[in-house]
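Just so you know, the sequences run in chain order A and B.
In this text, residue positions in the first sequence follow my numbering: the first is 86, and each later residue adds one.
In this text, residue positions in the second sequence follow my numbering: the first is 3, and each later residue adds one.
To be clear, the hints were calculated from the coordinates, so they are not data collected in a lab.
Predicted model only: the values in this text are computed from it and were never measured.
Cβ atoms here follow ideal geometry from the backbone N, Cα and C, with glycine treated the same way.
Do not rely on the hints blindly, as some may be mistaken.
Pair by pair, the computed Cβ-Cβ distance ranges are [to be verified]:
| no. | chain 1 | residue 1 | chain 2 | residue 2 | range |
| --- | --- | --- | --- | --- | --- |
| 1 | B | C580 | A | E230 | 46 to 52 Å |
| 2 | B | Q47 | A | M86 | 25 to 31 Å |
| 3 | B | V487 | A | M86 | 39 to 45 Å |
Here are some of the chain B residues that sit facing chain A, going by a computed Cβ distance under 8 Å [unchecked claim]:
| no. | residue |
| --- | --- |
| 4 | G36 |
| 5 | E82 |
| 6 | Q115 |
| 7 | Q116 |
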Amino acid sequence: MLDQSYYTKADEIIAHYGRRASSLIPIMQEIQEAYRYLPGELLTYVAKEIGVTEAKAYSVATFYENFSFEPKGKYIIKVCDGTACHVRKSIPILEALQKELGLSKKKHTTDDMMFTVETVSCLGACGLAPTMTVNNEVHPSMTPEKALELIAELRGDNV
Amino acid sequence: MTIENRDDLLKQREIAQKEIDSYTCRILVCAGTGCVASGSEKIYQKMLELCRDMPGVSVQFEGHVPHIGTVKTGCQGVCELGPLVRIEPYHYQYVKVQESDCAEIFQKTVLNQQPVERLFYRKNGESYATPEEIPFIARQTRIVLENCGKFDAESLDEYIASGGYDALSKALFDMTPQQVLDEVDESKLRGRGGGGFPAGRKWKQVAAHTDVAEHYVVCNGDEGDPGAFMDGSVMEGDPYRLIEGMTIAAYATGAQNGYIYVRAEYPLSVARLRHAIRQAEDKGLLGDHILGTDFSFHMHINRGAGAFVCGEGSALTASIEGDRGMPRVKPPRTVDQGLWAKPTVLNNVETFANVPGIILKGASWFKTIGTEGSPGTKTFSITGAIENTGLIEVPMGTTLREIIYDIGGGIKGGGDFKAIQIGGPSGGCLTKEHLDVGLDFDSVKKYNAIMGSGGLVVMDENTCMVEVARFFMSFTQRESCGKCVPCREGTKRMLEILERIVNGEGQLEDLDTLEELASMVKNMALCGLGKSAPLTVISTLKTFRKEYQEHILEHKCAAKSCTAMRKYVINPEFCKGCGKCAKNCPAGAITGVRREAYRIDPSICFKCDACRENCAFDAVYVEY
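Construct the entire structure; sequences and hints are all you get.
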């Protein structure tokens, strides 16, 4: 069971966007921004509140890549693998991060819920390739070494 | 104060202009995504702080005190040189500015009007003081990007001062909706999103539905092509131009509501547009009774959620409605039954951004730029193996040679040009023989490529074309929405074949199967994205067939890029026989006797690079 506060938050968000089918995506986006993931129970609740079937809500949530039913880490790192970044060697950066954090293609989040590592198809900062973002802050001209330094720095934040 | 008629607009312009003129010195810090990533936010804060600390210098507006304004501007285009700072009225352009440079800029330029020469852009021993002198900018024609980098992207006043909203007031007070439609039609403006459909014709079809009360104007800002960021730059750098263009479209086609669909990866665009919409509403330039007339138009923003296919029209409207973003069979077309099954104008950002200029200066002016079939300019983002990456705008019909060599500064590191990928993952490749072809919608199509939204990725001899085809196919395969079989299954099978070839397990027959599948997907897929998904394979197979064959027959990758084609060898002359490589080899592929040269068995080696990385004597090398 989710804490009652989740439902209170959901109610606020629903009230802001209105009880309409077309509000489904913005509501899910806000919930995900608040909790860094989309709790399944909460989605069921939202569906009922705005009058769409649970099946429909899940079909939409699973269609879009941005929605995750799995909790994500405190720092969400997105390594850009768009064309420009790919050509300028973004994959070694991804591999270095995965190796350092013990992650893989299937495992995206560290057990201590600190880091989530994903790829993204283009961040629109191609002039500074290869790039990656940490919680939406863009880091330009990355190298595997710079990425690892950044991880060390972020870890230091939490000591 | 709301602007309720034409006179109010002129008055507002005067006030705004006065405010701008009251600055003795304006510091413009680029706030585009690229420069922000390079740290321009810190520069902005630092300059603000410096200007604040000086006695006698104020950032407030009081006539007798010298004013120094610091504003955040939109993308100035030369992303690699960021963070960019420009100082007006001296017009000095500084590149790669660091926080530590701020004090010197302040001392020399702001206080003493002297340039800081070491921060000028330098190329081949020459240094360039002003942006117009830099070849990258000097050779462009800027219409859509006219304001980007010139002033504060968030300020409605500055937009108005620069002539903003003149086009809307001309449309509302001097023209009927029909005249606006005719003007746009006459200008031959074609949709910049890729297809190149005439915008005027589209608008007229929507306006013709007089029997339906509700019409919509939708802007496609779901710039999903990797390697493309033109639309993002316009939304960030000149949001009011986009809003004005959409408002004119709404007036012409009788729409009451507009939606901008922005991709999730552009948080800055969303923030700027939200701010701009609020500002415009406050001034009465959006909402009910615009400029005091009977015309009302409301604007909304929808954020994408990470689905590339939503760049397709019917998928995009489905997503706004709260559904899975899947394309549907057409007809009915969007102009007849688009958003909520109502007649809908759907254009991309750049198309709408062209509209104010056309209305203000007329169709005949627009047609003097570009080619006969495709008038106007086109924005491109050039990236990849090129000296100057960034955002450019050139007249339609400009050749690749001019774009790559004159504007882009040539291939990075002086290498050889091999190919250019145009039109995103579903575009095609143009090569040396196309260097002198003028780029417009029609010419590009002839060579199995599409204009797409305008991403240009330059490749040199270090890029393997088979790997490029595999990369794009893996992108389109992953982003296939799965609705129609040709795209869902076809791209999957094509990707499997390409992966086999890249891994050195391809057969010659595979090439025929690839071609067959490609033509099947191209002809049978449901939507435009599916139809163009195999274009990269088709164009690379045609032009670079030899590379495919080398991968298959000789296990050779001329670009030295495919890992599977590598062969690890130990040079017996350098090898001291220490055995470190054998100890580190996870596959057990290295054998030998101590103090004698070791050997790698290529049939066991899986090319992990551990031996080469660990050799203290550089005895391990890679053969291609």
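Hint check:
1. C580/B / E230/A: 46 to 52 Å: At 27 Å between Cβs, range violated.
2. Q47/B / M86/A: 25 to 31 Å: This hint is violated: roughly 45 Å between Cβ atoms.
3. V487/B / M86/A: 39 to 45 Å: holds, 42 Å
4. G36: holds, 5 Å
5. E82: Where the cut-off is 8 Å and the nearest Cβ of chain A is about 5 Å from E82/B, the hint holds.
6. Q115: This interface hint is violated because 31 Å lies over the 8 Å limit.
7. Q116: Hint violated; Q116/B Cβ to chain A Cβ min 30 Å, cut 8 Å.
Violated hints, listed in ascending order, are 1, 2, 6, 7; each of the other numbered hints is respected by the structure.
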